[in-house]
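Turn these sequences into a full structure, and let the hints steer you where they fit.
Chain by chain, the residues:
There are 4 protein chains.
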Amino acid sequence: MALELKGIIPPMITPLTANGDLDEKGLKKLIEHLIAGGVHGIFLLGTNGEAPSLSYALRKELITKACQYIEGRVPVLVGITDTSFSGSLDIAAHSKEAGADAVVVAPPYYLPISQAEMVDYLERLIPQLPLPTMMYNMPSCTKLHLSVETLKKAQELGAVGIKDSSGDMSYFYSLVEAFKETPEFSIIVGTEMFLPETILYGGHGAVAGGANFFPKLFVDLYNASKEANTEEIKKLREQVYYINNTIYRVGQYTSRITKGTKCALSVMDICEDHMAMPLQRFETKEREKVRHYLDQYNSLRV
Amino acid sequence: MALELKGIIPPMITPLTANGDLDEKGLKKLIEHLIAGGVHGIFLLGTNGEAPSLSYALRKELITKACQYIEGRVPVLVGITDTSFSGSLDIAAHSKEAGADAVVVAPPYYLPISQAEMVDYLERLIPQLPLPTMMYNMPSCTKLHLSVETLKKAQELGAVGIKDSSGDMSYFYSLVEAFKETPEFSIIVGTEMFLPETILYGGHGAVAGGANFFPKLFVDLYNASKEANTEEIKKLREQVYYINNTIYRVGQYTSRITKGTKCALSVMDICEDHMAMPLQRFETKEREKVRHYLDQYNSLRV
Amino acid sequence: MALELKGIIPPMITPLTANGDLDEKGLKKLIEHLIAGGVHGIFLLGTNGEAPSLSYALRKELITKACQYIEGRVPVLVGITDTSFSGSLDIAAHSKEAGADAVVVAPPYYLPISQAEMVDYLERLIPQLPLPTMMYNMPSCTKLHLSVETLKKAQELGAVGIKDSSGDMSYFYSLVEAFKETPEFSIIVGTEMFLPETILYGGHGAVAGGANFFPKLFVDLYNASKEANTEEIKKLREQVYYINNTIYRVGQYTSRITKGTKCALSVMDICEDHMAMPLQRFETKEREKVRHYLDQYNSLRV
Amino acid sequence: MALELKGIIPPMITPLTANGDLDEKGLKKLIEHLIAGGVHGIFLLGTNGEAPSLSYALRKELITKACQYIEGRVPVLVGITDTSFSGSLDIAAHSKEAGADAVVVAPPYYLPISQAEMVDYLERLIPQLPLPTMMYNMPSCTKLHLSVETLKKAQELGAVGIKDSSGDMSYFYSLVEAFKETPEFSIIVGTEMFLPETILYGGHGAVAGGANFFPKLFVDLYNASKEANTEEIKKLREQVYYINNTIYRVGQYTSRITKGTKCALSVMDICEDHMAMPLQRFETKEREKVRHYLDQYNSLRV
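Residue numbers (this note's numbering), protein chains in the order written: chain A, 594 to 895; chain B, 594 to 895; chain C, 594 to 895; chain D, 594 to 895.
Rather than coming from a laboratory, the hints here were simulated on the basis of the structure. Treat each hint with caution, since some may be false.
Since copy identity is lost for identical chains, a pair holds within one copy or between any two.
[What the hints assert, rightly or not] Once the Cα atoms are required to be at most 20 angstroms apart in a straight line, the calculated SDA-like pairs of lysine to any residue come out as:
(1) K773 - K827
(2) K736 - Y846
(3) K882 - V667
(4) K653 - D683
(5) K746 - M870
(6) K773 - T823
(7) K828 - Y764
(8) K773 - E831
(9) K621 - E664
Predicted model only: the values in this text are computed from it and were never measured.
Here it is as structure tokens:
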């Protein structure tokens, strides 16, 4: 049976304990929370998962445990991007063994590389990967905005889809146009606010960070979008906008999104909220704000 | 005796064989070439050294072998920057064991972090480092331009200097002003064209990539600058400008600088020029251009 | 009767003759073409209108003639942005006299200014303007991305709406949220591809450059969006995408959009396609491409 | 006798009264202050002169009066850049009539244009200019960093030099190399901190904004640099650094440099410090800081 990559696929955060180990109990609860919310897949070790900050050993432990707990109920995607080629292959091999369904590849991210260099890299990487490959566009972290031509080449090499987190809707429409003859090539978008447009106009799904804490909200919005239910979309998008404007605005700096997501899960008593270095979790003041926003959200929805 | 970080400290390229192993013979010849040229130190595993692209095993092998071959003739600095905290500590511990003299630290480079987050990170990292710490400013790769305040904090935590590769001369003058009361804090600049200004107006040295192939040129320019010998500076800077305008312009993309440096060393029969993935060495056409420029350079100097 | 700013409001190009004068005959035909296509307003002297490149005399002549030809059939908006304060006031006064309905204001665009400085400027400018004021966000040309706070202040000072050409859909959703209590504040978006989302989720209209040559296409897409007719939207957006991917890709550089728009109008025999300096119209080769794309567009639609 | 463009050429601020008129008395005093300080030329209507914010009438009045007061004692350069071609020609013609010595040309600054479009523009502009043409590179305001190739073309068309305010020292060295066969082509740099390097290594002079208030400091630094007097350079550069770190840091935003310059002149009782809109002069608090820094500077120098 072919792997179908569509719907809501949360970029799962990596639950950690105070001393930097995997919070196994939290991981289990988080996975049950996501699946109960109706998600269509789980993406491990993305940007929200703090993958580059984790040691290889910890990444492997997470993959093994997560696959065990998920037990094939939804497809598992694993980010394998690394600045070291052998490191990427190692994580890919481990993902296969652990029972994951696909690997996710972004450009190596220290040196700025060109599209041509990325294509060269994919020509050497993809044939060695033991699982279907999803491309990952994340220019704010990798410095390279994958061109449509690079993705076309990746598709020829076997890539089965693209997860775009650029926030660039013009690019999304270019992707839809470019891949309209091969609708099995999944176009998944990482910008929560644009989920309805994505689904209405040719996208397959969303990698929505907020689905870590509110999976059902995003699943409902996905369904409303599939049905082109404008009223329902408006109502649910207001709620997504609320998250954007509250939980994601607590604290400072780019990292506040991941910190806020972990903090919300901790307030909801799902898992711990420790961060991998170089980051640190929110302090009490920020935590109280997140708690307040979660309470308010719940009361608004009643 | 205190460690003195000054003069010409090449950011050594990492010689690799066709299958990605360390080119040991080339490494030995390269080190002799640098020391014969009069360099004042050697910096392993910087950007030019392709550190993030190398596996931990290969990085450690390089550190061990390089320290062995150098035998204490000049100070050895080792880049330990990594997106994983434990990875950085591991390389630092290995550097100490192998006999290196200092470690070099830049921001973890996947997620864009803030100055405040960098300071937090240094507060946790520097006390655990077993060797003197040099800071490394490389915003084009790490996304963070280390502020003077961050460096002041690093100094309080024990850092002994800064290597700046931003190419921003205004920043250099800010550094000179900021650290004028502590002249033992080394200010080392990574932009070859600005070496004379750096030395004349308060800097301690240069991490010049071109010193991989022409170490003596940069040592001579350093000495001329120390003596404020304007005529000699003009003459030697013309030669540096020549490199900039020829060898560094072969090929395309940012990576051409490192590729051209390795290619020049290969043409000079010092070491192999294979690159770590995702990059590939120059093809024959580019190689012939580099050869031509090297020949022309030699004939011009006669 | 209150001025209603909504629907399709083309940023009209300024038809010019070979020696830089106003192409009056072309202007007349263009205005009839727009009104026949069903547009809801006409915006003179925006970016597409090459306003800053025109002398004050020519700008005034255009305003006078356009208002004469339009004869009140649709509202006329006039861009008055200028680096000189008195220049802006002068054009505004002339617009009032000529019978225009509103003026459009963007930041003075030579020196990069801050939000606070923009607010200061608006506090001095808006009270002196003789017509309703529309704000204009065009950061790629003015260097300032008007913040929601700046727009709130502009609204307090009397501004009646915002035309956003940033292409930033997150910003659009912020605007909708920020002004939801005052739905009479018009939110008009300048990015053609996003017209449906704009209208579906709280926007009032579009300043679509392509409506210069295909006014009916954009009017139809606006109507389909008002009705949330997903199938019709998909079909019409394909046509908008076609323009994006053909006519707007002829030639090079940012200016190709305006050049292509004028060229299309010239091929369609509506007006001349000369550009104000520093730009020059397309040469024969580009013109033939535009002609080919127009032919293909017409045959596709049959 | 050929026009020689070299040495210290202050980008003169435009003294204005509270109601936006020319402060004639202040203008006269400022000109005497500059000439007494030993400057080698005066540049009217540059960025510091707030040219784009002034009406044509005011620009012309300034040119006429300034030329009158200067009386040929030093060369007068006039910025004619405008988004309107006829506006540029008009100011150029007036400059010639008033007795100015050269005009200064930057790219029209609203629409981002390409190097090729800039060359086209120069081909049409320079032949119509009645005075020698100096090019002006100011990418932060004009959006175009003039390439060496564009400048070579400008030189062929008759341009006699380049004033570079990019702050990019690598570019400066490219200019020196590119024009080394035609040393009569003036290379003038607008970054005060780099004045010594500029003069030592092939530049002809500096357009130093700080020379508005401390002309002699910059003239002395120019002379020390001509003589390669390293000790004197160090001492004087400390003073330039002091200005950078004090007067130029008062207030916020990019505009603080011009505001601080005008404020310093006002504190020194040379002219008024009103700004053209959209800007406003410093308030009392900032003014007191500038006064304090001026006092401190004077006491330090004793």
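For each hint, the structure was consulted:
1. Within a single copy, K773 and K827 get their C-alpha atoms only as close as 27 angstroms, which misses the 20 angstroms cut-off; across copies the closest is 13 angstroms, which meets it.
2. In this assembly of identical chains, K736 and Y846 lie within 20 angstroms of each other by CA distance both inside one copy and across copies; the values are 18 angstroms within and 13 angstroms between.
3. For a Cα distance limit of 20 angstroms, the shortest separation of K882 from V667 qualifies neither inside one copy, at 33 angstroms, nor across copies, at 49 angstroms.
4. Proximity of K653 to D683 under the C-alpha cut-off of 20 angstroms is found in both arrangements, the shortest distances being 9 angstroms within a copy and 18 angstroms between copies.
5. Taking the shortest Cα distances, K746 and M870 sit within 20 angstroms of each other only across copies (18 angstroms), while inside one copy they are farther apart (35 angstroms).
6. Only between protomers do K773 and T823 lie at most 20 angstroms apart by alpha-carbon distance; the minimum there is 17 angstroms, versus 24 angstroms within a single protomer.
7. Taking identical chains as interchangeable, the C-alpha atoms of K828 and Y764 lie at most 20 angstroms apart only when they sit on different chains, with a minimum of 19 angstroms there against 26 angstroms within one chain.
8. Taking the shortest Cα distances, K773 and E831 sit within 20 angstroms of each other only across copies (11 angstroms), while inside one copy they are farther apart (30 angstroms).
9. With identical chains, the CA atoms of K621 and E664 are at most 20 angstroms apart within one copy only, with a shortest distance of 11 angstroms there and 52 angstroms across copies.
Hint violations for this structure: number 3 only, all remaining hints satisfied.
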